[in-house]
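Asks: Letter by letter, the chains look like this.
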Amino acid sequence: MVGKLHRHPWYVASALLVPWLTLASPTLLRLSGAPPSWSVLWLLPWAISDGPVSGALAGLGLGLLLDALTLDGATQIPALVLLGWWWGRLGRKGPPIERSFSLGLLALIGTFLLGLTLILQRLGLPPQLPLAGSLRTLLTQTLLTGLLAPMICSLLLLLWRQQNAPSRG
Amino acid sequence: MPFGRLPRVPSLQRLIQAWPWWLLLLALVGVRLSKGAVLTDAYALLSRPFWPGTAQREWLQSAQQLDQRSRLAQLEQDNRRLRTLLGLQRANPQEVTAAVISREPEGWWKQLVLGAGELQGIRLGDAVVGPGGLVGRVASVTPTTARVALLTDSSSRVGVWVGRTQSMGLLTGVNGSRPELRFLVKDPQVRPGDVVVTSPASTLVPPGMSVGVIQSVDDKAVPAPTAVVQLSAPVEAIDWVQVLVQPRQAAP
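Here the protein sequences line up with chains G and P, keeping their order. Read in the working numbering, the first sequence has 186 at position 85, and its numbers run on one by one without any break. Read in the working numbering, the second sequence has 746 at position 190, and its numbers run on one by one without any break.
Since the hints were derived computationally from the structure, they do not count as laboratory data. Treat the hints loosely; a few may be bogus.
What the hints assert, rightly or not - Coverage of chain G stretches by chain P, computed from C-beta distances (three or more under 8 Å per stretch; other residues unrestricted):
| id | region |
| --- | --- |
| 1 | 133-139 |
| 2 | 164-170 |
| 3 | 211-223 |
| 4 | 233-241 |
Please read these numbers as outputs of a predicted model, since none were measured by experiment. Backbone N, C-alpha and C define an ideal beta-carbon position, used for all residues, glycine too.
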């Protein structure tokens, strides 16, 4: 149910890269001004490697950090917790997920759902906003994260699976 | 674990053994509640060697001097006279120059993070200007950083004025790259190309400051016409901004 990754402080500390990259927001890795969802790119391999409980808790931690770095109005916590749990379960069932296409697709769906929860929360808050701007951000961020996931998630997954491997064998 | 079965509740002893994780969770909640006070301050400290150079700062200062020289004296005089008649207070704000250390002009939150905060006198609600005009207002502050909600952010509302037709409106961020101007009258008679400035009656932001240019007008909008405004300050390119710090009133 729970892997061993969270026992390594350095791997846990690697989550700090998410707020760091969110703040630094490298220009080269933006699409039409929108950055990728760094939280999804880190959480996906972590949850697949370390299981649903660890994935959900990591989602909670990341959500708290990212909510602290953004203006008020909507939270990312519920979506990240659910995604961490879901990806953790996927990692524990069936053949291991390692194909680039699968990782890209999971990141694509995850970013889309994360963005959708933000839009839904904003629709519930007064004043009502036109959807056009939010949909543009949703689509560009989803596309960019889906494109980056095969590269970044594959590397992280490879690294973290090696840590969890002895317990499986 | 099969579907539909909830994970077993861990024993009290296991929960106690996991005390470092509870401590971590508590720390994360602390960071969340302080709106990233420790996190953004650490980021500001570590990224200081990579902050933008002084070239644009000097350019900004010379542009502002030019702007000040080119102001029409008559307009200033009229402004003062009218504000006195209206009984509006206008304190002279102090200017704090700050580097932009993080920007997100097109993400979910349209925001900037500045490398100056409470220690430099910046407070919530202070207006932030760059070359070209108003950029936004300070939305949260830590000791060494300040987060600015851009005019394009959905939380932004600023009263503005179209000088040519003398019509008032509310500039509202709609989370796109350009904010929407909602007029208060049914026939504002504006057209693309009209210049938009901050409202002369504004007490939240300095009056008469450049905001942008009307790009298109929707006359059929209900209940009043709306317009799309192209902002005059290029947020994607600005490395230095000035925060207009309002003088604080002494406690009685």
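Asks: Now tell me if each hint is right for this structure.
Replies: Status of each hint after checking the structure:
Only residues whose beta carbon comes within less than 8 Å of a beta carbon in chain P count, and the region 133-139 of chain G has 4; three or more means the coverage holds. Check on the region 164-170 of chain G: 5 of its residues sit with their Cβ under 8 Å from a Cβ of chain P, so the three-residue criterion for coverage holds. Under the rule that three or more residues need a Cβ within less than 8 Å of chain P, the assignment of the region 211-223 of chain G holds, with 3 such residues. Only when three residues or more bring their CB closer than 8 Å to a CB of chain P does the claim for the region 233-241 of chain G stand; here the count is 6, and the claim holds.
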